[in-house]
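Make the full structure from the sequences, and use the hints.
Counting from 1, position 160 in the sequence shown corresponds to residue 160 in the UniProt record's numbering; the numbering is continuous, with no gaps.
Simulated from the structure, these hints should not be mistaken for laboratory data.
All C-beta atoms, glycine included, are put in the ideal place defined by N, C-alpha and C.
It is possible that some hints are incorrect.
As the list claims (entries may be wrong) - In silico DSS-like links for lysine-lysine, alpha-carbon gap of 27 Å or less:
1. Lys243 x Lys298
2. Lys243 x Lys432
3. Lys243 x Lys218
4. Lys218 x Lys432
5. Lys362 x Lys347
6. Lys362 x Lys432
7. Lys347 x Lys298
8. Lys362 x Lys298
9. Lys448 x Lys407
10. Lys399 x Lys362
11. Lys320 x Lys298
12. Lys448 x Lys459
13. Lys320 x Lys301
14. Lys218 x Lys233
15. Lys213 x Lys233
Unchecked claim - Computed Cβ-Cβ distance ranges for the label pairs, DEER-style:
16. Ala428 x Pro296: 18 to 24 Å
17. Thr150 x Gln374: 51 to 57 Å
18. Gly225 x Gln34: 46 to 52 Å
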Amino acid sequence: MLNLVQTQKQSLKISPAQIQLLNFLQLNTLELEQHIKNELEENPFLDEGNEDSTDDDWDNAAEGGVSDRGDDRTQDYMDWDEFRDDDVPDYKTRVNNYSDDDTTYTPAVVENVSWRQELKEQFHLLLLTERQQILSDFLVDSLTDEGYLTYTAEALADDVSFTSGIYVEVTEMVELIDLLRHMEPAGLGAKNLQDCLLLQLERRQEPEATLAKELVKKHFDDLAGRSYEKLMKGLGINANQLKDVLAFVGTLNPQPVSTSNQAEVLGVKDNVIPDYIVMVDGDLIEVELNNRRIPPLKINKSYTHDLGKSRAANTYVNSKINAANWLIDAIQQRQNTMLKSMRTIVKLQEDYFRTGDVRMLKPMVLRDVAERIQMDVSTISRVTSGKYAQTPFGVIHLKDLFTEGVKTDSGEEVSNRQIQLALAELVAQEDKQSPLNDFQLAELLAEKGYPVARRTVAKYREQLDIPTATLRRTL
1 MLNLVQTQKQ SLKISPAQIQ LLNFLQLNTL ELEQHIKNEL EENPFLDEGN
51 EDSTDDDWDN AAEGGVSDRG DDRTQDYMDW DEFRDDDVPD YKTRVNNYSD
101 DDTTYTPAVV ENVSWRQELK EQFHLLLLTE RQQILSDFLV DSLTDEGYLT
151 YTAEALADDV SFTSGIYVEV TEMVELIDLL RHMEPAGLGA KNLQDCLLLQ
201 LERRQEPEAT LAKELVKKHF DDLAGRSYEK LMKGLGINAN QLKDVLAFVG
251 TLNPQPVSTS NQAEVLGVKD NVIPDYIVMV DGDLIEVELN NRRIPPLKIN
301 KSYTHDLGKS RAANTYVNSK INAANWLIDA IQQRQNTMLK SMRTIVKLQE
351 DYFRTGDVRM LKPMVLRDVA ERIQMDVSTI SRVTSGKYAQ TPFGVIHLKD
401 LFTEGVKTDS GEEVSNRQIQ LALAELVAQE DKQSPLNDFQ LAELLAEKGY
451 PVARRTVAKY REQLDIPTAT LRRTL
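This is the structure in C-alpha cells:
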C-alpha cells in the first residue's frame, strides 16, 4: 500500500525575465546598439528621446489648440509678401549660373575584390573552353584560405563529377592544377610549406636561389629543426654563407595568400568600441559608460489615441508598452550594474590604472569583485565578458585584468602577468645562439623570487607565443 506524504520545501527558480536580463548584461556596446535599433523598428510605442520631452504639444493640437511649434512655423511666412521680390540670388550672377544645391556629389565607391575572384579572372583570361572554366572555378574554390591545395587530382575529379553530374578525367584536373601553380601570387596550389617555398624559388633569378632551392628540397627537416651544423655540412658551406641563404629564404612567403587579403575577404576589421571610459585626474579616477552610441528611450503614447477600444487592440497596446518599459528599465539596470562592477575593478587595480604598468596588476578573480558588490559571480562574468575599457594608456580587455596569484619566496602574492613579463625579459636578453630551455628559465625565475615549475614556464611561454628553445636559435 502506498503512503502519501506531503512535504514543504523551498526552491529557487529563475524566471524568464531574469534570464533575459542576464543575457542583456552580456551585450557589448555594438550589440546593444543593434538590439535597440531592432526594438525601435518593431515597437511603435518605443521612441528616441528623454522622458522630460512630453507630448503636450501633440495633445494640444489634437484638442484644437495651437502649439508653440505651429506659432514658429506661422511666423516664418508672415513677412513673405515683403521679401518675395527681394534681390536676385547670388548664384544667378555667377558664371556657372546654378546653385550649389544642384551639384550632385558622387561619393567614391571602393570595390573589394577577393583573391579567389581575381584568380578566377586569371583563368578566364586564358583560352579555355567552357568546361575548363567550370572546372577551374571549382578548383579555386577548393583551395584553403592560405592558398594551399590539400586535395589530390583524383579526389577533385571525383568531387566535381559527383556535384556537377559530369564525368571528369583526372588528366583534366592535372592540367588545370599545373596552370594554377604558375599563376600569381607564387606558391598557389602548393601541397605543403616545402612545396610552396620551392614554387617561389623556381621564379627567383638571384644567385642565392640555387643554393636555397637545394636547402629547401634536400634539407627541409634540418631547416625546420634549426640544425645549422648539419646544414653547413650537407651543403658544404660556412656559417656566413648559411646566414645569407637563410636570409634569402626568409624573404619568401610561407602563405601564398597573405593575412591582409584574408581579412579583406572575410571583412574583418579590428575596430574595438570601448564599453567603459576610465579617466585619471590627479588623485581621482572616474569611470563612465560609453553611451554615445546608445540613444535615450521613452514611451511614445501618441498612437494610443487612434486605436479603438477593442480587446485585441488593448492587448496589443499593453504588450508593446510593457515591452518598451522593460527595455528602458533593463538598460538602466545594465548601466548601474556595469558601473558598480567597473568601479570596484578600478579600486582593486588602482595602481595599474594610474601607471599602466602590467607589473602593478594584483591577483584578482571574479569572486573578489562579486563579494565586494554582493552579486553573483556569473553576473560579473557577463559584465566583463567581451568588454573593453578606454584608459589613458590605451584600450584594454577587461578579462586581462583577472589574473591568478603566485606566492613569491618572500611570501608576497603577485600576479602571474608579472611572472610572464619577467619570462619575456629573460627570453629577450638570452643568447640566441644558445637559447635557454624551460628548465633554465625556471631556475632563473626562481632566482628572481618566482618559484614556478617547468610546466608552468612552458604554459606561460605558449601564452606569450614564444617558441621553444630550438626554434629560437639563430646563427
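How the hints compare with the structure:
Between the alpha carbons of Lys243 and Lys298 the distance comes to roughly 69 Å, so the proposed pair goes past 27 Å and is violated. Taken as a hint, the Lys243 and Lys432 pair is honoured in the structure, with Cα atoms around 14 Å apart against an allowance of 27 Å. For a cut-off of 27 Å, the pair hint linking Lys243 to Lys218 stands: about 18 Å separates their Cα positions. The straight-line distance between the Cα atoms of Lys218 and Lys432 is roughly 26 Å, inside the 27 Å bound, and the hint therefore holds.
Restraint check for Lys362 and Lys347: satisfied, since their Cα atoms lie roughly 11 Å apart, inside the 27 Å limit. Pair hint Lys362 plus Lys432 does not hold up; C-alpha atoms about 32 Å apart against a cutoff of 27 Å. Among the hinted pairs, Lys347 with Lys298 is inconsistent with the structure: their alpha-carbon atoms are about 34 Å apart, more than 27 Å. The suggested pairing of Lys362 with Lys298 is violated, with an alpha-carbon distance near 42 Å, which exceeds 27 Å.
Under the criterion of a C-alpha separation no larger than 27 Å, the hint pairing Lys448 with Lys407 is consistent with the structure, at around 12 Å. Of the supplied pair hints, the one linking Lys399 and Lys362 holds, its CA atoms being roughly 13 Å apart against a limit of 27 Å. Using a Cα cut-off of 27 Å, the hinted pair Lys320 and Lys298 holds, with the two alpha carbons roughly 13 Å apart. About 19 Å separates the Cα atoms of Lys448 and Lys459, which keeps this hinted pair within 27 Å; it holds.
As the CA atoms of Lys320 and Lys301 are separated by approximately 11 Å, the hinted pair is consistent with the 27 Å bound. At most 27 Å may separate the alpha-carbon atoms for a hinted pair to count; Lys218 and Lys233 meet this at roughly 13 Å. Restraint check: the Cα-Cα separation between Lys213 and Lys233 comes to about 16 Å, which is no more than 27 Å; the hinted pair holds. Restraint check, Ala428 to Pro296: a C-beta distance of roughly 50 Å breaks the suggested window 18 to 24 Å.
Separation of Thr150 from Gln374 is about 54 Å and conforms to the stated range, judged on CB atoms against 51 to 57 Å. Checking the proposed 46 to 52 Å range against Gly225 and Gln34 shows it holds: the Cβ atoms sit about 50 Å from each other.
Hint compliance for this structure: hints 1, 6, 7, 8 and 16 are broken, all remaining hints hold.
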